[in-house]
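Number of protein chains: 2
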Amino acid sequence: MEAEVTEPDFDKGQGLIPAVVQDAATGEVLMVAYMNRLSWHKTLETGIATFWSRSRSTLWVKGETSGHVQKVHDIFIDCDNDTVLLKVEQVGGAACHTGYRSCFYRRISRDGDEIVGVKVFRPEEVYK
Amino acid sequence: MEAEVTEPDFDKGQGLIPAVVQDAATGEVLMVAYMNRLSWHKTLETGIATFWSRSRSTLWVKGETSGHVQKVHDIFIDCDNDTVLLKVEQVGGAACHTGYRSCFYRRISRDGDEIVGVKVFRPEEVYK
Numbered sequence: 151m152e153a154e155v156t157e158p159d160f161d162k163g164q165g166l167i168p169a170v171v172q173d174a175a176t177g178e179v180l181m182v183a184y185m186n187r188l189s190w191h192k193t194l195e196t197g198i199a200t201f202w203s204r205s206r207s208t209l210w211v212k213g214e215t216s217g218h219v220q221k222v223h224d225i226f227i228d229c230d231n232d233t234v235l236l237k238v239e240q241v242g243g244a245a246c247h248t249g250y251r252s253c254f255y256r257r258i259s260r261d262g263d264e265i266v267g268v269k270v271f272r273p274e275e276v277y278k
Numbered sequence: 151m152e153a154e155v156t157e158p159d160f161d162k163g164q165g166l167i168p169a170v171v172q173d174a175a176t177g178e179v180l181m182v183a184y185m186n187r188l189s190w191h192k193t194l195e196t197g198i199a200t201f202w203s204r205s206r207s208t209l210w211v212k213g214e215t216s217g218h219v220q221k222v223h224d225i226f227i228d229c230d231n232d233t234v235l236l237k238v239e240q241v242g243g244a245a246c247h248t249g250y251r252s253c254f255y256r257r258i259s260r261d262g263d264e265i266v267g268v269k270v271f272r273p274e275e276v277y278k
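Those sequence lines, one after another, are chains A and B.
Each number in my numbering comes from the position in the first sequence (counting from 1) with 150 added on.
Each number in my numbering comes from the position in the second sequence (counting from 1) with 150 added on.
No lab work stands behind these hints, which were simulated from the structure alone.
Some clues are possibly wrong.
If chains are identical, the list can't say which one is meant, so a pair holds when it fits in one copy or spans any two.
To be verified - Below, in silico cross-link-like pairs of lysine-lysine (BS3-like), each with a Cα-Cα straight-line distance of 27 Å or less:
id : residue 1 : residue 2
1  : K192      : K269
2  : K221      : K192
3  : K192      : K237
4  : K221      : K237
5  : K269      : K237
6  : K192      : K162
Let the sequences and hints guide you as you build the complete structure.
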C-alpha cells in the first residue's frame with residue numbers, strides 16, 4: 151500500500167506551482183522556478199530538482215547543462231497546497247545561470263540597487 | 151533626482167510576481183504571496199509587506215486582521231526580475247493563518263506527509 155502524499159494543487163496556476171529552492175546547509179534562498187505535475191513526480195522519484203521551463207515549454211532538470219544539479223534533501227508544501235519549498239544541496243555551489251550563488255543577488259533599496267551576491271563561476275566557462 | 155530602482159517585470163505573470171518571504175533572523179521561509187505593481191510600491195513606501203490577494207482581488211497588508219504584520223528589512227530581486235525575496239521581521243512570530251510560524255509546516259516524503267512546523271497561536275483566538 152502506498153503512503154498518502156499530498157498532491158499540490160496544479161489547477162490554481164494553470165498547471166504550474168512555484169517552487170522555492172533553499173540551500174539546505176545555509177538557508178539561503180537560491181531561486182524560484184515552476185513545476186507542473188510531471189516535474190513534481192520526477193523530482194519525487196529522482197531526488198533531483200526538476201522543473202518546467204516556461205520559456206522553453208519543456209521539462210527542465212536544473213543543472214543538466216552546467217552539471218550544477220540540485221540534490222533534494224527535503225520537500226515542504228504550504229498551507230493551501232499551491233507552493234512547495236525544496237531544501238537542496240546545490241552541486242557546484244551556484245544556482246544562478248549568471249554564476250551567482252543565488253538568483254537573488256541584487257538588493258533593492260530606495261537609494262537604488264546593489265549587487266550583494268557571491269559570484270561562484272564565470273558563465274562563459276560553464277556554458278560553452 | 152531619484153535613484154534608480156529596478157522595477158519587477160509584472161507583465162510575465164499577468165500583472166503578478168511571486169514574493170518569497172523569509173524570516174530575517176532565522177532564515178526560515180515563511181510564505182509565498184503575490185504582488186502587483188501597486189502592492190510593490192506600497193511595500194517600498196511603507197516598509198510593511200503588502201501583497202495582492204488573488205482570491206479577494208484586493209490589496210492585502212499582511213497581518214492587517216491578526217496584527218501579525220511583516221516589517222521589511224531587505225528586498226532582493228532575482229536575475230530575470232520576475233520574483234522578489236523579502237527578509238522580514240514577523241510580528242507575532244507566525245506568518246501562517248493556521249497559527250504555524252511558516253506556511254510550509256508539512257514535510258513531504260515517499261512515506262507520506264508529516265507536520266514539522268511550530269504552532270505559535272491558535273487561529274480561533276486571533277481571528278474573532
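Hint check, failures only: Violated: hint 1 alone.
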